[in-house]
Amino acid sequence: MNLPATDTTPAVLFDSARNLLRFAGESYPEDVTAFYHPVAAWLREHLATRPELKVELAFTYLNTSSTKALLDLLLLLDDYHRSGGVVSVEWHYQPGIEVMHEAGEEFGDDLALPYRLVPIA
Amino acid sequence: MTPEQIHAHYLAAREGRVVLSFMGVLTQELIVDYGRVLRAQSGLSENARHLLFGTFVELSQNILRYSAERAGEPGQQRGIGLVLVFETDTGYVVSAGNHVTPPAAASLEGKLAELRPLDRAALKQLHKDRRRAPPPPDSLGAGLGLIEMARHASGPLEHAFVPLPDGRLFFTLSVPLSKDLAPASA
Numbered sequence: 001m002n003l004p005a006t007d008t009t010p011a012v013l014f015d016s017a018r019n020l021l022r023f024a025g026e027s028y029p030e031d032v033t034a035f036y037h038p039v040a041a042w043l044r045e046h047l048a049t050r051p052e053l054k055v056e057l058a059f060t061y062l063n064t065s066s067t068k069a070l071l072d073l074l075l076l077l078d079d080y081h082r083s084g085g086v087v088s089v090e091w092h093y094q095p096g097i098e099v100m101h102e103a104g105e106e107f108g109d110d111l112a113l114p115y116r117l118v119p120i121a
Numbered sequence: 001m002t003p004e005q006i007h008a009h010y011l012a013a014r015e016g017r018v019v020l021s022f023m024g025v026l027t028q029e030l031i032v033d034y035g036r037v038l039r040a041q042s043g044l045s046e047n048a049r050h051l052l053f054g055t056f057v058e059l060s061q062n063i064l065r066y067s068a069e070r071a072g073e074p075g076q077q078r079g080i081g082l083v084l085v086f087e088t089d090t091g092y093v094v095s096a097g098n099h100v101t102p103p104a105a106a107s108l109e110g111k112l113a114e115l116r117p118l119d120r121a122a123l124k125q126l127h128k129d130r131r132r133a134p135p136p137p138d139s140l141g142a143g144l145g146l147i148e149m150a151r152h153a154s155g156p157l158e159h160a161f162v163p164l165p166d167g168r169l170f171f172t173l174s175v176p177l178s179k180d181l182a183p184a185s186a
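As given, the protein sequences belong to chains A and B, one line each in that order. First residue of the first sequence: 1, per the numbering used here; consecutive thereafter. First residue of the second sequence: 1, per the numbering used here; consecutive thereafter.
No lab work stands behind these hints, which were simulated from the structure alone. Glycine included, every Cβ here is placed at the ideal spot set by N, Cα and C. Possibly wrong hints are sitting among the right ones.
What the hints assert, rightly or not - Away from chain B, derived, C-beta distances all over 10 Å, residues of chain A: (1) L13; (2) L20; (3) V39; (4) L47; (5) R50; (6) E56; (7) R116.
Stated by the list, open to error - Subject to a maximum C-alpha distance of 20 Å in a straight line, what follows is the list of computed SDA-like cross-link-like pairs (lysine to any residue): (8) B:K128 to A:L74; (9) B:K124 to A:E102; (10) B:K128 to A:L73; (11) B:K124 to A:H101; (12) B:K179 to B:V37; (13) B:K124 to A:D72; (14) B:K179 to B:G43; (15) B:K124 to A:E98; (16) B:K179 to A:V99; (17) B:K128 to A:A103; (18) B:K128 to A:L76; (19) B:K124 to A:E106; (20) B:K179 to B:Q41; (21) B:K128 to B:R116; (22) B:K128 to A:D72; (23) B:K124 to A:G108; (24) B:K124 to A:A103; (25) B:K179 to A:Q94; (26) B:K111 to B:R65; (27) B:K128 to A:L111.
What the hints assert, rightly or not - Computed spacing ranges between beta-carbons, pair by pair: (28) B:S42 to A:I120: 21 to 27 Å; (29) A:L117 to B:G167: 48 to 54 Å; (30) B:K128 to A:D31: 22 to 28 Å; (31) A:L20 to B:E69: 42 to 48 Å; (32) A:D109 to B:P156: 25 to 31 Å; (33) A:T6 to B:D89: 34 to 40 Å.
When you get a sec, could you build the whole thing from the sequences and use the hints?
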């Protein structure tokens with residue numbers, strides 16, 4: 001998994017040496033499903049190998065349909081956690097943008113897996 | 001348009017403190033470019049700039065997806081509509097206008113009526129409940145856009161439906177936003 005960022009979609013990079021899946025950038029594609037469906041398919045396959053996984057979410061903006069698509073990905077990870085999988089998620093945000101901080105808190109409220117909000121200077 | 005009409009348009013835009021005005025086929029590329037203009041606005045907090053950009057994106061993508069007036073090849077059609085951003089002393093107003101069918105108007109009226117009495121906490125809860133549910137049948141997105149805009153607006157969303165000769169309606173929606181600046185010290 002190595003998708004470069006575009007104007008309206010985030011970079012999605014899996015670093016296998018660090019077991020780290022990182023999303024970074026904007027998310028407001030015209031067709032949210034076309035972008036997130038393959039990412040979800042990759043994630044399902046990867047989780048089937050029972051990895052230890054860290055996920056970093058460093059979004060600068062998410063439109064509402066991306067918010068919904070991301071929640072669906074996070075619920076996959078939460079199911080993995082509930083089935084005994086080792087997974088943790090960090091939400092990276094710029095402290096001046098309260099609305100992204102709040103979005104991070106709200107994702108956390110919906111999840112049982114280890115989840116941390118990380119301000120990025 | 002005659003030169004006089006163009007001048008009248010210019011004067012009206014200046015009088016209304018229009019920051020951005022677009023009427024035509026909304027494309028993703030256009031939304032990206034105009035979004036950059038809004039993100040470069042000065043005189044508002046970083047959070048307010050983020051909300052201004054986000055509100056513009058939601059309203060523009062709504063037109064792109066749902067406007068009843070469309071252009072382009074079948075399967076690749078984009079909606080036609082109007083997007084305006086005005087500046088006020090304390091904030092901005094992002095307005096959208098586009099054609100809707102009578103059933104779409106009834107659906108929008110219902111959704112907006114549901115949101116109107118809700119305070120910020122209730123809107124937050126509604127957003128939380130809705131985003132875990134499957135999208136409504138008449139929504140290509142998550143059906144969450146109106147809730148999010150109502151939640152982050154500095155006042156009530158204002159909307160209207162103007163009847164058109166062909167039986168459709170012209171839908172307008174205005175979202176007021178705060179500049180979110182700390183009060184000047186005395």
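> Does L20 of chain A sit more than 10 Å from chain B, CB to CB?
Replying inline: Holds, because the least Cβ-Cβ distance between L20 of chain A and chain B comes to about 26 Å, which exceeds 10 Å.
> Given the proposed pairing of K124 of chain B with G108 of chain A, does the C-alpha separation stay at or below 20 Å?
Replying inline: Holds, at roughly 14 Å.
>> Holds or violated: K124 of chain B and D72 of chain A, Cα atoms, limit 20 Å.
In response: The given pair, whose Cα atoms are some 19 Å apart, holds under the 20 Å limit.
>> Would the hint linking K124 of chain B and H101 of chain A be met if the CA-CA limit is 20 Å?
In response: OK: K124 of chain B and H101 of chain A at ~14 Å, within 20 Å.
> Is it correct that the beta-carbon of R50 of chain A has no partner in chain B closer than or equal to 10 Å?
Replying inline: 26 Å, holds
> When you check the alpha-carbon spacing of K128 of chain B and A103 of chain A, does it fall within 20 Å?
Replying inline: 11 Å, holds
>> Can you tell me whether the CB distance of S42 of chain B to I120 of chain A sits inside 21 to 27 Å?
In response: At 23 Å between Cβs, range holds.
>> Can you confirm whether the C-alpha distance between K124 of chain B and A103 of chain A stays at or below 20 Å?
In response: OK: K124 of chain B and A103 of chain A at ~11 Å, within 20 Å.
> Is it correct that the beta-carbon of E56 of chain A has no partner in chain B closer than or equal to 10 Å?
Replying inline: 20 Å, holds
>> Confirm or reject: L47 of chain A is not an interface residue toward chain B, with every Cβ-Cβ distance exceeding 10 Å.
In response: 20 Å, holds
> Has the given pair, K179 of chain B with Q41 of chain B, been kept, meaning a C-alpha gap of at most 20 Å?
Replying inline: The given pair, whose Cα atoms are some 11 Å apart, holds under the 20 Å limit.
> Taking only the CA atoms, is the gap from K128 of chain B to L76 of chain A under or equal to 20 Å?
Replying inline: 17 Å, holds
Comparing the model with each numbered hint stated earlier shows that all of them hold.
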